[in-house]
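Engineer: The residues making up each chain are set out below.
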Amino acid sequence: MKKLFTFIILCFSLISCNETIKEKKPKNQWNYTTDKEEAIELKKEQSEDLKSYYEDALKIDTDFAANEKEILADYGGEEDALIEKAKTKNEKALDALAELRNLQMNRWKSLTELDRKIRVFNNALSLSISDIKRINEAKDLKRWMKNIDAEDKIQDDLKQTYYKAVEKLDID
Amino acid sequence: MKKLFVLLFVGSILASCGGSGYTTDKEEALELKKEQTENLKSYYEDALEIKTDFVADEKEILADYGGKEETLIKKAKTKDEKALDALADLRNLQMQKSKDLRELGRKTEDFDNALSRSISDINRINEAKDLKAWTKAIAAEDKIQDDLGEAHEKAEGKLKKD
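Quick note, the sequences are listed as chains G and F, same order.
Take 1 as the starting number for the first sequence in our numbering and just add one per residue.
Take 1 as the starting number for the second sequence in our numbering and just add one per residue.
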């Protein structure tokens with residue numbers, strides 16, 4: 001019984017020790033790769049991720065635009081008019097200005113948080129693509145480059161659609 | 001006990017609503033600016049520690065390649081497994097450094113953002129003549145912060161040379 005207990009303890013120690021090593025030096029923590037096919041798969045995954053990224057970003061922008069409109073309603077929808085009123089030390093205007101700034105900071109924070117979710121993945125992929133180009137001959141990358149460019153085109157289109165939608169919101 | 005619970009609950013709601021640090025009060029903004037200067041001291045200390053660790057680890061990875069990334073890349077071009085592994089190690093190390101520095105910046109970004117908007121708005125809603133002493137005090141803090149930034153850059157430059 002005592003031997004069995006010692007054996008179990010020893011096994012646990014070895015497992016936890018192995019996990020510590022894994023944690024300290026993960027092999028492929030960020031999906032960095034120099035494998036061409038793997039990089040293409042990740043690039044496609046990036047395009048898919050971007051669809052929901054822009055959807056979520058537009059939702060944040062839409063909510064912001066609605067709230068901004070409400071705050072600026074008494075000032076003809078113009079921030080400059082609110083600033084002019086705040087210059088007179090009007091309490092209501094100063095409160096509205098603080099509310100507007102908090103709203104802007106929250107929007108910025110939400111967009112930054114959203115960006116954070118994909119930044120590490122994007123960073124790793126960008127380094128991977130750059131290194132694949134550096135360690136391979138251009139002639140061996142023709143088909144691969146075509147695939148990467150095709151995904152870039154999809155991603156550019158998604159970005160342009162997002163920008164147009166934000167422009168429509170007419171954020172001050 | 002019930003009252004304490006309600007107090008804590010209300011307190012946490014208030015903190016989450018009004019915790020941005022944005023202000024149009026000149027004196028308050030100046031205090032926050034001084035706080036920012038203090039925060040920067042530990043920020044640069046921590047950033048330098050991250051960069052120092054990075055340089056040491058990078059040196060270790062590149063030791064077999066004369067300390068040059070270009071040499072490692074050339075070897076990786078031959079599909080040498082050891083070089084490809086070293087390249088992956090180097091990239092992971094670089095990404096970890098970026099991540100650590102971002103995390104560090106994240107601690108003060110809301111505060112810095114609110115203060116920057118506060119100072120901008122104070123400048124916009126007050127007459128320049130009423131801001132002379134205040135602007136001077138803000139500029140003095142900016143000078144201290146610039147000096148801290150320069151000292152950090154110098155220390156970083158020294159790391160690369162060593």
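Read the hints as simulated data drawn from the structure, not as lab findings.
Since the structure is predicted, the reported quantities are computational estimates derived from the model, not experimental observations.
Any given hint could be a false lead.
Derived pair list, reagent style DSBU-like, types lysine-lysine, alpha-carbon separation capped at 35 Å [said to hold, decoys possible]:
1) Lys133(G) <-> Lys132(F)
2) Lys142(G) <-> Lys143(F)
3) Lys41(F) <-> Lys109(G)
4) Lys153(G) <-> Lys41(F)
5) Lys33(F) <-> Lys89(G)
6) Lys43(G) <-> Lys75(F)
7) Lys92(G) <-> Lys34(F)
8) Lys36(G) <-> Lys132(F)
9) Lys89(G) <-> Lys97(F)
10) Lys33(F) <-> Lys139(G)
11) Lys82(F) <-> Lys109(G)
12) Lys132(F) <-> Lys153(G)
13) Lys132(F) <-> Lys85(G)
14) Lys97(F) <-> Lys92(G)
15) Lys99(F) <-> Lys164(G)
16) Lys43(G) <-> Lys143(F)
17) Lys136(F) <-> Lys153(G)
18) Lys85(G) <-> Lys143(F)
19) Lys85(G) <-> Lys107(F)
20) Lys136(F) <-> Lys117(G)
21) Lys89(G) <-> Lys154(F)
22) Lys77(F) <-> Lys109(G)
23) Lys142(G) <-> Lys97(F)
24) Lys36(G) <-> Lys26(F)
Engineer: Run the distance test for Lys41(F) versus Lys109(G): straight-line Cα separation, threshold 35 Å.
Structural biologist: holds, 24 Å
Engineer: Is the Cα-Cα distance between Lys136(F) and Lys153(G) 35 Å or less?
Structural biologist: violated, 50 Å
Engineer: Quick one, are Lys89(G) and Lys154(F) close enough, alpha carbons at most 35 Å?
Structural biologist: violated, 45 Å
Engineer: Given the hinted pair Lys153(G) and Lys41(F), is their Cα-Cα distance within 35 Å?
Structural biologist: Measuring from Cα to Cα gives roughly 44 Å; hence the hint is violated.
Engineer: Checking one constraint from the list: CA of Lys43(G) to CA of Lys143(F), max 35 Å. Satisfied?
Structural biologist: Since the Cα atoms of Lys43(G) and Lys143(F) sit roughly 45 Å apart, the hinted pair is violated (cutoff 35 Å).
Engineer: Is the straight-line distance between the alpha-carbon of Lys132(F) and that of Lys85(G) 35 Å or less?
Structural biologist: holds, 22 Å
Engineer: Holds or violated: Lys43(G) and Lys75(F), Cα atoms, limit 35 Å.
Structural biologist: Answer holds: Lys43(G) to Lys75(F) is near 26 Å, not above 35 Å.
Engineer: Check whether the Cα positions of Lys142(G) and Lys143(F) lie no farther apart than 35 Å.
Structural biologist: The given pair, whose Cα atoms are some 52 Å apart, is violated under the 35 Å limit.
Engineer: Between the alpha carbons of Lys33(F) and Lys139(G), is the straight-line distance 35 Å or under?
Structural biologist: Not satisfied, since the Cα-Cα distance of roughly 56 Å exceeds 35 Å.
Engineer: Lys89(G) and Lys97(F): Cα distance at most 35 Å?
Structural biologist: violated, 46 Å
Engineer: Tell me if the straight-line CA distance from Lys132(F) to Lys153(G) falls inside 35 Å.
Structural biologist: The hint is violated at about 52 Å.
Engineer: Please work out if Lys33(F) and Lys89(G) have their alpha carbons no farther apart than 35 Å.
Structural biologist: Judged against 35 Å, a Cα distance of about 22 Å means the pair holds.
Consistency with the previously given hints fails for numbers 1, 2, 4, 8, 9, 10, 11, 12, 14, 16, 17, 20, 21, 22, 24, ordered from lowest to highest.
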